[in-house]
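Construct all of the structure, not just a fragment, from the sequences and the given hints.
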Amino acid sequence: MEAVTGAARQVIEVTGWESSQSASISRLLRVLLLILSIVLASPAIADPSFSLDQTTANLPVNGDAGEFTFGLSATGLDPAAKNELVVSDFGPTGPTVIIIPSRISASGANALWKISGKVTGFAASEAQARHLTLTLDGKPLSSLAYTIKNTAPGDFTWTVSGLSDKRLSNIDDDLKFVVQIGNVPAHNVRLVQTDLIGTDNLTPLPTTFDLCRAEHPDDCSLTTLAAGTSYALLLRAKDKTNASAGQYSGTILLVADEKPLGEPMPIHVVVSSTCARWFGFILICIGVALAIAINPFARALVARDDALRPAFVLRERVIDWETRLAEVRKEAGDPKLKCATDLLKDLKTKLSATELKRNRLVPRAFAAFYSPTPSPAAAATYQALLTTAANQLGSLAVVVETGIRPALVIENAATFPDLVADAIDGPGGLDEILKKPDVAPGDALDKAIADRLAKLRSDLAEEAKNNAGLAVVDAPTLDPMREPTVRELDFQVAALNVIGWLFFSIGSILLGSLVLLILNPAFGSLQDYVICLLWGFGVPTAGTQVTSLGQGSIASSLGVKLVG
Numbered sequence: 243m244e245a246v247t248g249a250a251r252q253v254i255e256v257t258g259w260e261s262s263q264s265a266s267i268s269r270l271l272r273v274l275l276l277i278l279s280i281v282l283a284s285p286a287i288a289d290p291s292f293s294l295d296q297t298t299a300n301l302p303v304n305g306d307a308g309e310f311t312f313g314l315s316a317t318g319l320d321p322a323a324k325n326e327l328v329v330s331d332f333g334p335t336g337p338t339v340i341i342i343p344s345r346i347s348a349s350g351a352n353a354l355w356k357i358s359g360k361v362t363g364f365a366a367s368e369a370q371a372r373h374l375t376l377t378l379d380g381k382p383l384s385s386l387a388y389t390i391k392n393t394a395p396g397d398f399t400w401t402v403s404g405l406s407d408k409r410l411s412n413i414d415d416d417l418k419f420v421v422q423i424g425n426v427p428a429h430n431v432r433l434v435q436t437d438l439i440g441t442d443n444l445t446p447l448p449t450t451f452d453l454c455r456a457e458h459p460d461d462c463s464l465t466t467l468a469a470g471t472s473y474a475l476l477l478r479a480k481d482k483t484n485a486s487a488g489q490y491s492g493t494i495l496l497v498a499d500e501k502p503l504g505e506p507m508p509i510h511v512v513v514s515s516t517c518a519r520w521f522g523f524i525l526i527c528i529g530v531a532l533a534i535a536i537n538p539f540a541r542a543l544v545a546r547d548d549a550l551r552p553a554f555v556l557r558e559r560v561i562d563w564e565t566r567l568a569e570v571r572k573e574a575g576d577p578k579l580k581c582a583t584d585l586l587k588d589l590k591t592k593l594s595a596t597e598l599k600r601n602r603l604v605p606r607a608f609a610a611f612y613s614p615t616p617s618p619a620a621a622a623t624y625q626a627l628l629t630t631a632a633n634q635l636g637s638l639a640v641v642v643e644t645g646i647r648p649a650l651v652i653e654n655a656a657t658f659p660d661l662v663a664d665a666i667d668g669p670g671g672l673d674e675i676l677k678k679p680d681v682a683p684g685d686a687l688d689k690a691i692a693d694r695l696a697k698l699r700s701d702l703a704e705e706a707k708n709n710a711g712l713a714v715v716d717a718p719t720l721d722p723m724r725e726p727t728v729r730e731l732d733f734q735v736a737a738l739n740v741i742g743w744l745f746f747s748i749g750s751i752l753l754g755s756l757v758l759l760i761l762n763p764a765f766g767s768l769q770d771y772v773i774c775l776l777w778g779f780g781v782p783t784a785g786t787q788v789t790s791l792g793q794g795s796i797a798s799s800l801g802v803k804l805v806g
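The opening residue of the sequence shown carries number 243 in this note's numbering; numbering runs sequentially from there.
Errors might be hidden in some of the hints.
Claimed, not checked - Each computed DSSO-like pair below joins lysine-lysine, with the alpha-carbon atoms no more than 27 Å apart:
no., residue 1, residue 2
1, 381, 356
2, 599, 587
3, 587, 480
4, 678, 599
5, 356, 418
6, 480, 572
Think of the hints as simulated: they come from the structure by calculation, not from any bench. In this text, all values refer to a predicted model and were calculated from it rather than measured experimentally.
This is the structure we're talking about:
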């Protein structure tokens with residue numbers, strides 16, 4: 243400011259010698275000097291700053307035409323001005339470059355323009371430096387340098403990511419991934435697919451995939467990927483109806499003309515369907531319901547059958563003794579044996595399943611809640627019934643085998659059959675011994691039989707003495723005593739156990755062959771051999787359960803001693 247004032251004074255001094263000039267000229271000079279001092283004293287407004295986001299426009303290699311896009315940012319703008327920008331290309335003659343700016347955004351003193359350029363008539367394999375001249379609101383600004391070239395920018399590169407660990411839970415799903423293209427665009431982009439093989443059954447997945455844009459899934463015609471760009475792509479199955487459930491693995495190659503060997507993309511696909519899952523859920527529900535329903539009923543049935551076993555063993559003995567009595571009648575001349583017959587009939591009724599269930603001595607066949615231990619009263623009654631039945635059958639065996647049958651072979655018994663019949667069926671005879679319901683084998687029974695046989699011998703001897711002239715009839719030849727049914731039943735149980743072992747072994751071998759060999763196409767590892775060896779150890783474990791089904795163990799658990 244002082245410099246300006248000093249300069250004004252010098253001007254006045256210089257012009258002082260011209261004081262003779264007119265006063266109007268002097269006043270004009272003073273006004274001009276005042277205006278100049280004000281202008282020089284005011285601060286200067288700085289021009290805004292412009293910059294490009296990139297300075298190279300890459301055209302197709304050896305191409306004579308192409309398009310490019312720059313981003314132009316500005317700072318320091320006057321918010322009150324219009325800020326209308328005109329951009330022109332300036333450079334060597336030859337190619338024609340058309341520049342079209344368009345403002346994208348503006349905020350206060352900042353703004354962003356999109357610079358779209360179109361180049362035609364460019365020479366092959368050339369790099370040319372050019373400038374963009376800027377004019378803002380009619381005021382020329384500094385220019386910005388940039389380069390146009392169509393030379394090969396370098397080796398082709400791309401990066402594929404986001405796919406290696408992807409899995410499809412359903413074939414209807416799309417598999418997304420990202421491809422980043424380097425400085426060279428990719429042309430004729432396509433998929434080269436090998437078979438995806440099932441990991442369980444080694445069958446191929448009967449479908450192929452299309453390459454589509456993620457933002458436009460229905461657009462599967464993508465063939466060119468521009469340089470310096472990232473693309474979100476997806477794989478979409480062509481045929482989604484014939485894919486069977488299972489796990490499939492394989493590799494798909496992403497191939498372009500610039501990368502003929504392709505980029506391998508590992509694919510792991512798990513194919514299923516909502517219908518299959520619902521069906522599996524229904525099966526699970528059915529299985530749980532059956533397990534809940536069958537378990538108490540099955541346990542009740544097993545408990546009832548286990549409780550019936552000792553009674554059925556004794557009942558079979560009763561049926562066998564009915565046959566035996568028929569044989570004894572034939573040997574003894576058809577005696578009535580009423581007490582023995584009534585005893586067998588009564589035991590057969592008491593030991594029937596209907597009577598046992600009616601008297602609530604065994605568990606019910608269908609029980610919603612099962613208790614493994616019966617009530618003390620029912621257990622005591624059932625045990626007493628079985629003990630009494632076993633004792634009565636034992637007494638029957640003793641009376642028949644040591645009393646009635648020996649009576650048939652006493653001397654003169656065949657000569658005087660009426661005496662023998664009276665000793666068996668008559669009052670106080672051998673058959674009447676079985677009339678008492680509490681009869682049991684023992685010394686008292688043996689003494690009663692011996693007394694009756696002694697009386698019969700005495701009567702026969704006296705009758706023979708009184709009838710010395712009668713011809714003597716030979717005594718009948720008796721069949722040897724049969725083995726008891728319980729022993730036969732034990733033999734049958736043992737035979738059934740052997741058959742059960744045989745079938746269980748065959749079933750285990752067949753099942754193991756199916757699971758470990760047939761359904762395992764990669765069989766042969768050390769683990770496979772170890773599993774095969776351990777597979778057979780389940781047979782003895784199950785076999786011990788089979789052998790525990792014998793009647794003897796069940797009867798002994800109830801405290802019943804079976805005869806035979």
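Here is how each hint holds up against the structure:
no., hint, result
1, 381 to 356, "holds (20 Å)"
2, 599 to 587, "holds (18 Å)"
3, 587 to 480, "violated (80 Å)"
4, 678 to 599, "holds (26 Å)"
5, 356 to 418, "violated (31 Å)"
6, 480 to 572, "violated (90 Å)"
Of the hints listed earlier, those the structure fails to meet are numbers 3, 5, 6, in rising order.
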